[in-house]
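In this text, residue positions in the sequence shown follow this note's numbering: the first is 3, and each later residue adds one.
Simulated from the structure, these hints should not be mistaken for lab results.
Built from N, CA and C at the ideal position, the CB exists for glycine as well.
Worth double-checking, as some hints may not be accurate.
[Claimed, not checked] Distance windows between CB atoms, simulated:
| # | residue 1 | residue 2 | range |
| --- | --- | --- | --- |
| 1 | Pro303 | Ser444 | 34 to 40 angstroms |
| 2 | Leu387 | Val450 | 45 to 51 angstroms |
| 3 | Val450 | Gly396 | 22 to 28 angstroms |
| 4 | Arg148 | Gly396 | 50 to 56 angstroms |
| 5 | Asn181 | Gly396 | 27 to 33 angstroms |
| 6 | Ser188 | Thr472 | 36 to 42 angstroms |
| 7 | Asp302 | Asp244 | 44 to 50 angstroms |
| 8 | Leu387 | Asn65 | 48 to 54 angstroms |
| 9 | Leu387 | Ala308 | 20 to 26 angstroms |
| 10 | Asp244 | Gly409 | 37 to 43 angstroms |
[To be verified] Distance condition first, Cα-Cα at most 25 angstroms in a straight line; then the derived DMTMM-like pairs of lysine to aspartate or glutamate:
| # | residue 1 | residue 2 |
| --- | --- | --- |
| 11 | Lys122 | Asp302 |
| 12 | Lys285 | Glu447 |
| 13 | Lys198 | Glu457 |
| 14 | Lys473 | Glu356 |
| 15 | Lys454 | Asp486 |
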Amino acid sequence: MSIIPRTRRGTLWRALLAAVLVIGATAGTTAVAGLLQFKQLAADIGASPAIQGAPVDIPPPGNPQTILVIGSDHRAGQPYSDSRTDTMLLVRLNDASQTINVMSIPRDLQVTIPGSGVAKLNAAYAAGGPGLLIRTIRANVFPDLRVNHIVDVNFGGFQALVNAIGCVYADVDHRYYNNTLYTGYSSIDIQPGYQKLCGADALAFVRFRHTDSDIVRNARQQDFIRWAKDQYGVGNILANKDRLLHIFGAHTRTDRDLHTTDGLINLFNLVVNAAGTRIEQVKFPAILHACPPDCNVTADPVAEAAAFRRFMHVTTGGPAKAKAKAKTKIRAKKGAKLSAAGLVADTADGKAQENALASVGMPVYYPRLIMAGGGTGYCSDMTSLCPLEAPSPGSYPRAYRLRDRRGHPYPAYRMTLVLNSLLGQYYGVQGTTWQNPPLLASPLESKVVNGKTLEIYEQGGSITNVAWHTKQGVYWISNTLTTDISNRQMINIAASLTH
Numbered sequence: 003m004s005i006i007p008r009t010r011r012g013t014l015w016r017a018l019l020a021a022v023l024v025i026g027a028t029a030g031t032t033a034v035a036g037l038l039q040f041k042q043l044a045a046d047i048g049a050s051p052a053i054q055g056a057p058v059d060i061p062p063p064g065n066p067q068t069i070l071v072i073g074s075d076h077r078a079g080q081p082y083s084d085s086r087t088d089t090m091l092l093v094r095l096n097d098a099s100q101t102i103n104v105m106s107i108p109r110d111l112q113v114t115i116p117g118s119g120v121a122k123l124n125a126a127y128a129a130g131g132p133g134l135l136i137r138t139i140r141a142n143v144f145p146d147l148r149v150n151h152i153v154d155v156n157f158g159g160f161q162a163l164v165n166a167i168g169c170v171y172a173d174v175d176h177r178y179y180n181n182t183l184y185t186g187y188s189s190i191d192i193q194p195g196y197q198k199l200c201g202a203d204a205l206a207f208v209r210f211r212h213t214d215s216d217i218v219r220n221a222r223q224q225d226f227i228r229w230a231k232d233q234y235g236v237g238n239i240l241a242n243k244d245r246l247l248h249i250f251g252a253h254t255r256t257d258r259d260l261h262t263t264d265g266l267i268n269l270f271n272l273v274v275n276a277a278g279t280r281i282e283q284v285k286f287p288a289i290l291h292a293c294p295p296d297c298n299v300t301a302d303p304v305a306e307a308a309a310f311r312r313f314m315h316v317t318t319g320g321p322a323k324a325k326a327k328a329k330t331k332i333r334a335k336k337g338a339k340l341s342a343a344g345l346v347a348d349t350a351d352g353k354a355q356e357n358a359l360a361s362v363g364m365p366v367y368y369p370r371l372i373m374a375g376g377g378t379g380y381c382s383d384m385t386s387l388c389p390l391e392a393p394s395p396g397s398y399p400r401a402y403r404l405r406d407r408r409g410h411p412y413p414a415y416r417m418t419l420v421l422n423s424l425l426g427q428y429y430g431v432q433g434t435t436w437q438n439p440p441l442l443a444s445p446l447e448s449k450v451v452n453g454k455t456l457e458i459y460e461q462g463g464s465i466t467n468v469a470w471h472t473k474q475g476v477y478w479i480s481n482t483l484t485t486d487i488s489n490r491q492m493i494n495i496a497a498s499l500t501h
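With the hints as extra help, turn the sequences into a complete structure.
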């Protein structure tokens, strides 16, 4: 058994926050610097019974580990048949890699559950808990999967952890509204635009899938994980470690090995020894089917095998090399010569959006080029292009005040555009006078296009945001949650911003 040196404590806390904010579609864990704190965490986790009968392989100290993270409403003492799980996330930790690889498995994936028959994957959890869930994944999806640890975080723990870290700034892609009294789905009421989400709103946001697909929800959850990891600094973790430890332990069930001090130290040493903590999202190769009637998801076994290899892949060469590799992937996709392929000029609707935002309190820019195709375009309160389940005046477009963590208000606006409303594919134009919001902290690279210095942000080789700063504010284009807009198109849309 080894104790982590005090000099590496900051790295450990940051890495573990990343690893366990990942844990639960966001549940987070806090690391500990000394043996007594490991013992306290083991005691907090031990307050709930360990998960029994699950096929986990406990690795030798220092070996790579695969963690199955479950987000559920299960509570100790309740039968699994009374529980639901919205999140099944695999996390791969390897101290030889520059990334923490994560992959969401769709809850609506059609599988054959051993002893139960054909159903959606989340039914395996209700039928037999994490143990049956693992056996079902191995029988239907990833035959070579070896799970080393299980972390099952309930929804209450997620809300408490988000509040404990001071909430999370989220790039909300469209208007989210539902009233459970009329639909039976969980209630939600969130306006579009970059904003801070706390407890209940954050949970509703990551769980939502009433008008989109399981794939979009998985992408939303993984984006939320990245945002939380990037925003929550080491100082905040150290200042709140006791509270975070208690919340995590009180709302989490794990395999038996993580009920022990040695098991926790083995896992945490692996994380702190990792050369980097960049989160790499590996997409599950889902095939969507009509929703309704069945809303099922299937996948091709060959594509599943390829995704599993990417998930297990070790990224080496240091953070600088990993960043350079990501730049190369983006350049390969966007090409040397920019063009407007797949885009169409729409200045009339852009000007109409600008006019509707006349009172926002900052210069308003809109893109001259937007995505082409039937059913695409600007969401507007005056049209039915973007479906709403309740009247939402002021949502499309939206002018509002964006507050930083000190409470200072900044003028802000959001234009929402739809690519495919049936698939939950929305992209957006964001503007604010807050020049340094957390989302824009670490661009991959800068590129001058049409006289604008554009800052590029990516995930897994796909551009997620392209930003442009002026003296009066900062503006950015946000890709869909599932990054359906190509890198070349994202750059061209941002380069076409006009006033």
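Hint check results:
no.	hint	verdict
1	Pro303 to Ser444: 34 to 40 angstroms	holds (37 angstroms)
2	Leu387 to Val450: 45 to 51 angstroms	violated (34 angstroms)
3	Val450 to Gly396: 22 to 28 angstroms	violated (36 angstroms)
4	Arg148 to Gly396: 50 to 56 angstroms	holds (51 angstroms)
5	Asn181 to Gly396: 27 to 33 angstroms	violated (18 angstroms)
6	Ser188 to Thr472: 36 to 42 angstroms	holds (40 angstroms)
7	Asp302 to Asp244: 44 to 50 angstroms	holds (48 angstroms)
8	Leu387 to Asn65: 48 to 54 angstroms	holds (52 angstroms)
9	Leu387 to Ala308: 20 to 26 angstroms	violated (36 angstroms)
10	Asp244 to Gly409: 37 to 43 angstroms	violated (26 angstroms)
11	Lys122 to Asp302	holds (16 angstroms)
12	Lys285 to Glu447	holds (23 angstroms)
13	Lys198 to Glu457	holds (22 angstroms)
14	Lys473 to Glu356	holds (19 angstroms)
15	Lys454 to Asp486	holds (24 angstroms)
Against the hints set out earlier in the document, violations occur for numbers 2, 3, 5, 9, 10.
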